[in-house]
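Join the two chains, each given in its own frame, into one complex according to the hints.
Chains A and W are the protein sequences, given in the same order.
All letters in the first sequence, in the order written, are residues 98 to 687 by our numbering.
All letters in the second sequence, in the order written, are residues 6 to 240 by our numbering.
Bear in mind the hints are in silico, worked out from the structure with no lab data behind them.
Misleading hints may appear alongside valid ones.
To be verified - Sample of chain A residues lacking proximity to chain W, with all beta carbon distances greater than 10 Å (derived):
1. K262
2. T390
3. H458
To be verified - To be clear about the criterion: a stretch of chain W counts as covered by chain A if any three or more of its residues have a C-beta under 8 Å from a C-beta of chain A, and this derived list gives those stretches:
4. 66 to 73
5. 131 to 138
Stated by the list, open to error - Restricting the straight-line Cα-Cα distance to at most 20 Å, the calculated cross-link-like pairs of lysine to aspartate or glutamate (EDC-like) are:
6. W:K225 / A:E455
7. W:K225 / W:D238
8. W:K141 / W:E152
9. W:K110 / A:E180
10. A:K267 / A:D244
11. A:K526 / W:E133
12. W:K228 / A:D382
13. A:K518 / W:D226
14. W:K145 / W:E133
15. A:K526 / W:D226
Note that the coordinates shown come from a computational prediction; the quantities given were computed from them, not determined experimentally.
Glycine is no exception: its CB is placed at the ideal position from the N, C-alpha and C atoms.
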Amino acid sequence: MVTKLKEVDVVVVGLGWTGGILSKELAEAGLKVVALERGAMRSTEKDYSVPNIRDELRYVVRHDLMQNTARDTITVRNSPSQEALPMRRLGSFLPGEVVGGSAVHWSGHTWRWTDMEFKVRSNYEERYGKNFIPADMTIQDWGITYDELEPYYDKFEYTAAISGKAGNIKGAIQPGGNPFEAPRAREYPLPPLTPILASEMFTDAAKNMGYHPFPRPSANASRAYTNPDGSKFGACQYCGYCQRFGCEANAKGSPHITVIPIAMKNPNFELRTHSWVTKVLKDTDGKKVTGVTYTNILNGEEFEQPAGMVLLCAYAINNVHLMLLSGVGEPYDPVAQKGVIGKNYCYQTGAGATLFFEGRHFNPFMNAGGSNATMDDFNINWNFDRGPHKFVGAYNVSGGFNTVLPIGYRPVPRGTPQWGKAWKAATAKWYQTAMNISASGSVMANRYNCYDLDPTYRNAFGQPLMRMTFDYQPNEHRMGEHAAKVVNDIAKSMNPTHLNEATARTLPWTAVPYQSTHNTGGTIMGTNPRESALNKYLQSWDCHNLFVVGANVFPHNASYNPTGPVGALAYWTADAIKKYVRDPAPLVAA
Amino acid sequence: MTDFGRRDFLKGAVAGSVATTAPLVAEAQAQTPAPATPAAASAVPGYAFLNLDEAAFVEALADHMVPADELTPKGTDIGVNVYIDRALAGAWGKGDRLYMQGPWKPGAPSQGYQSPLTPAQLYRAGIEATNTHCRKTYGKTFDRLTEQQREEVLLGLSTAKITFDNGLPVRPFWAMLYQTVMEGMFSDPIYGGNRNKAGWKLIGFPGAIAVHRENIEKYKDKKFPSNPLSISDMS
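Next comes chain W alone, as it looks inside the complex (with noise of 0.2 Å):
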């Protein structure tokens, strides 16, 4: 990650001349990495809920949870960050099916989510909560840190060793971010995550196959040819 990103570059566009922008743009695209595979062509994905910050937080976690290797290209290859927004811009973000009356109390950890926030409303608070974290500790924002700095607050995240300043709880905060994450690798690719189903190819899941019934007995014990199939696929 270069200390210039996109979220530099777009702050710019928005402050700079019109005369500017051309050069800028392609100046962006050069530095974009070459998508794994063709259908991941879209390195700027649009979004629906993500502010610049967001996305540049969203964008270095995913991509520090799911780093590239020989196994699955990188967490915003896989579209994981788009899944994320998607989800916080669409109905489970805005709290459809959460009872959201008051009075509200931290409860034990025994009675679950008790926030007042909605999904999108704690994803947001949660990354500009840690974003301040990151900052007092690091001087920067969490998509500037190193990688090493980056596993140290997510492990503090996780563990709830960091709190943070505002009363805002952590384990909630990270429980949503850990579950998203995860979903945005191995839900089915029509909610924009789990690219070309690297997800499913990573563990051999075969998706969304309609019928076992005869593989049950021939595959017994033995590898499933998995060319995993999603529900686009089918439809």
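If we strip away everything but chain A, and leave its shape as in the complex, we get (with noise of 0.2 Å):
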């Protein structure tokens, strides 16, 4: 039995950085929003507050803010030959469960990603020639351009207290900031963060060997702020609790602080908890959607929510996992190369050394979630010659912290016994002398990495799990090389007492342990219906009341984190809807 509801103007699935944003943008300008969450209302004052948020076992070990596997997974495989078993439970990547979602634990890094990621293919064509493109490298141009996107990332920027300092404004470089970035109109909205030894003994390293470090930008208030709607920031306390915890201090850039309790005031939005959506509905001629189904995850009641308008936002996965689920768009087929749902699935890739230094104090427990230095010059650098090393893609490279607490981070030099007493000494002789160094590369797509429905193991809905097919090529491996010989010779030029050298990762991909919650592709954006799900401003190609917003849009994946494109693109598609509303019809012509 399930109940119809009155119909809404829009419905947006998933209540995180990008359905926040989406409804407050979208019940400001009149319409009835209404969205359903899976999680549960979670806030500072009661969730988040000292001491209970400083919990490493409950919040990084147990996942307390985390998509409970119990109740929905994905199968996973390293190819097609292979067969998809579920993960059991999460380890490689962390989406969230709550309101705000990943935004609540995230750790704030923002980018701009540029032209090199949105030409992708057009560059490396242009550069090197069709030929230096892998046959099964399928990546494409995003139909979009820096530009276009340029005053959407200062929006999202102001409006999730971005401290950082400028490298490029209006195409004047900038002492101290990050010579290789695309031209922006302003400084950030706050200075850098207050560097770490780490960071600082990394930058001066960097600079000896004629590179270009800069404090990574992210959303920890540097200090006090309060943002151009007025969502007020506090000042980040450097508690080295950042990445899995929510902020006590409201100083990390959160949808929970900023858009979802301006949406939540404006009576044309309501917000449903528990919310759990099983279904998008397609009208009967399949050209538009009529709204969805979902489950009270509180007493299993289910519901019709009609609405003249669907928003896809929740967690990249997930929203790729829904269109499957609904049959909206052809489902993607690596074998015949047609289809688009599950296409172009991408993560990352990295290689990491740490550096013991006798005598030295790194305090590893006093960071902030960007407390590091980061250089681009093997990232969004051209004058990188690519050829000669054989690779697409780029990575860059950084020295500090981010959440590294005694569970999980107790360097020892390789070789150190795991127990008894010599483990003992050197944990303690070594914990405080250790810093980090390391690359975070991009994966290219492929034709085989891709997503599908499971066709054995089902979540407790009854419905198919997602299927992940994810291995990577020997593209990332030839990257990764280069990767680990420059963060090694960074690390030597620092004559540290112990060196634990980067390495190339060239062993599939695996489900454990943590690497990157920045899985991208499988619903992506692009120039036409045969190679994209969605149109530059996320609007499905098939029914064109139905937006799609996350990093599931990015056809490829770049060696940045993904919240700058993830955030501006959502500002990008509320403009965008704003004039779809006036004339509801596809905003490109297929």
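Below, the structure is given as structure tokens:
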């Protein structure tokens, strides 16, 4: 028995950054908006306050703010020939399940992706010729430009209280910033965070080698701040509990302290928590969607929520899952290379070194989410010639710390016993003396890295789990070798007492341990419906009143964290929808 | 570790007459080492999950992996065994957040945890299988082995050179065993381990302290005067 509810203008599925931004913007534009969030409401005052939030076991190890895999998970495999098995508990990535989504527990690293990504195929073909791109590398241009997105990056950065130093304002290179970044209209809203010893030592070493390090831009307010919407931020306390935790100081740019409370004050907006969307409903002719069905997970009751427009704003993986479950768009077939839903799933890669300096005190428990220095000399810098190294893509290198707590972080030189007196002595000796340098690398799309519905395993609602097929390709292995050498060269130049060297990743991707919650692709944006699921306004090519927002729209994954373009594209889409409601039709001709 | 442990005492007490119980209690207490600190007074903790054999195993494991020295008291004196018992008895041990639908396949290592068992069931089966291996190899259960023999067993488990005859996979058992010992040493003391914050004191971790905004410059490249605070200290 499904109860049919009264139609609303817009139903938003998932209330994190993207759902929060769109809910606020569209409610303010006069539309009646209902947001359906599977998680619960939690607040800074009740849930993210000291001392209880300072609990590594609860939040890092036991995933208190994360998706509960007992109810719904994905199956994983490295290649189409392998049998996919369920990810029985979270590991490699950690989607959030709470009002605010993953943006409650993120670290805040916020980047502007540039035309190096948005025109990826054109760029590489132009520079290196068509044959430089492997035949099975399904990279494609995004259909959007940096210049189009710049005002929306700016809006997101000012909303989310990004602390940083501009490197390029309207073409003028700024000392202390990232000289390789694309031109921005103005400075960051807040100055950079106070550097920590590890980021200072990395900065000195990188400069000595001729590189261009700069403080990482992040949504950790370096001082108290009120954003343009009037949302108030406290100053970051460098508490060391950022990633996986809610912020007790309201210093982390998160939707539950910004766009969501503003939307909730608007009479046009209604939030329903504990509401699990099971399907997007299509009109009989398949040209439009008519709403969604959802279950109130407090009592199992099922509802149909009719809506003039549906916005999928759940975690990237779950947006793609809903599209496949709902039969919107043609599922991708990696063998025939037809269809689009599920195409171009990408992840990230990396290489890291641990450096030990006897006598130094790094105090690894004092840091913000963004306490590191970064260099883009091998990232968004075309002067770095990929030709001789034979890889497409890029990596950034950084030195510093982000939420290193003692159950998970007790660095010792390689070869140290794992238990007993020698282990204890080494743990005590080296804990304070270690710092990290790491590279974070892009992953280019590959025809076989994709999503579809699992033939065997089901979730708590009896629906097929999503199946993820993913592995790193030789392209990424080659990039990893280059990155590991650069990391090790910088590390060695610092003359550490001991060095655990970085090594290139060549083994298959694994579902454990944690790597990064930067899953991209599956419902990608693009220039035409044969190659992409969405147009440049994140509007479905198939159903023009359906928009899908999140990192699932990225046609490939860069080395940068995804939230900058995720937030910017949410504002970009909000503006497109405000135009769309005046003339509901495809915003781009197919 | 003497051959006559608490397990023998408790088994004997069940079998023996009421009249002999009191002296045995005194004897058992006399054999218990003096607690390292006053707060560690509960040398005979109650267990919510572990049975006698399992308790003996976990206590021996905790004390072998975390032996007493000038850096910390031994594992049972900082509550590693208590942490493990409570974790197994609680929601995590019973499979909270674990996708528990079949079919069950061993899978590739890259596919992560594929055991059909909850953590508590795996722990129980793993202890039993390890003791079976120890009896076969040394004629005694793990808790009765010499320090050298225990070291051999842990090395065998950690490298998966030991395999279990009943087919129980060694790797997930060892991974869980190791992780829970570390959790018992470094998690907040509200969970029963890290008693007196001994694990945090070992490394100089300040615990649940709330603010470092001023400290970040003040203690740059300097030792932070850490007297760690736990959640209960601040509650």
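Hints versus structure:
1. Residue-level check passed: A:K262 sits 18 Å from the nearest beta carbon of chain W, beyond 10 Å.
2. Its beta-carbon lying about 23 Å from the closest one in chain W, A:T390 satisfies the requirement of being farther than 10 Å from that chain.
3. For A:H458, the condition that its CB be more than 10 Å from all CB atoms of chain W is violated, with the nearest at approximately 5 Å.
4. For the stretch 66 to 73 of chain W, the stated coverage by chain A holds: 4 residues have a C-beta nearer than 8 Å to a C-beta of that chain, and at least 3 were required.
5. For the stretch 131 to 138 of chain W, the stated coverage by chain A is violated: 0 residues have a C-beta nearer than 8 Å to a C-beta of that chain, whereas at least 3 were required.
6. With a C-alpha separation of about 15 Å, the suggested pair W:K225 and A:E455 falls inside the 20 Å cut-off, and the hint holds.
7. For the hint pairing W:K225 with W:D238, the CA-to-CA distance comes to about 26 Å; that exceeds 20 Å, so the pair is violated.
8. Taken as a hint, the W:K141 and W:E152 pair is honoured in the structure, with Cα atoms around 17 Å apart against an allowance of 20 Å.
9. A C-alpha spacing of about 9 Å is found between W:K110 and A:E180, which places the hinted pair at or below 20 Å, so the restraint holds.
10. Simply put, A:K267 and A:D244 have alpha-carbon atoms about 11 Å apart, close enough for the 20 Å limit, and the pair holds.
11. Under the criterion of a C-alpha separation no larger than 20 Å, the hint pairing A:K526 with W:E133 is inconsistent with the structure, at around 36 Å.
12. A distance of roughly 69 Å separates the Cα atoms of W:K228 and A:D382; the hinted pair therefore is violated under the 20 Å criterion.
13. Of the pairs offered as hints, the one joining A:K518 and W:D226 is violated, with about 27 Å between alpha carbons and a cut-off of 20 Å exceeded.
14. Only pairs whose Cα atoms come within 20 Å are accepted, and W:K145 paired with W:E133 is accepted, the gap being roughly 12 Å.
15. For the hint linking A:K526 to W:D226, the alpha-carbon distance of about 15 Å falls within 20 Å, and the restraint holds.
Of the hints listed earlier, those the structure fails to meet are numbers 3, 5, 7, 11, 12, 13, in rising order.
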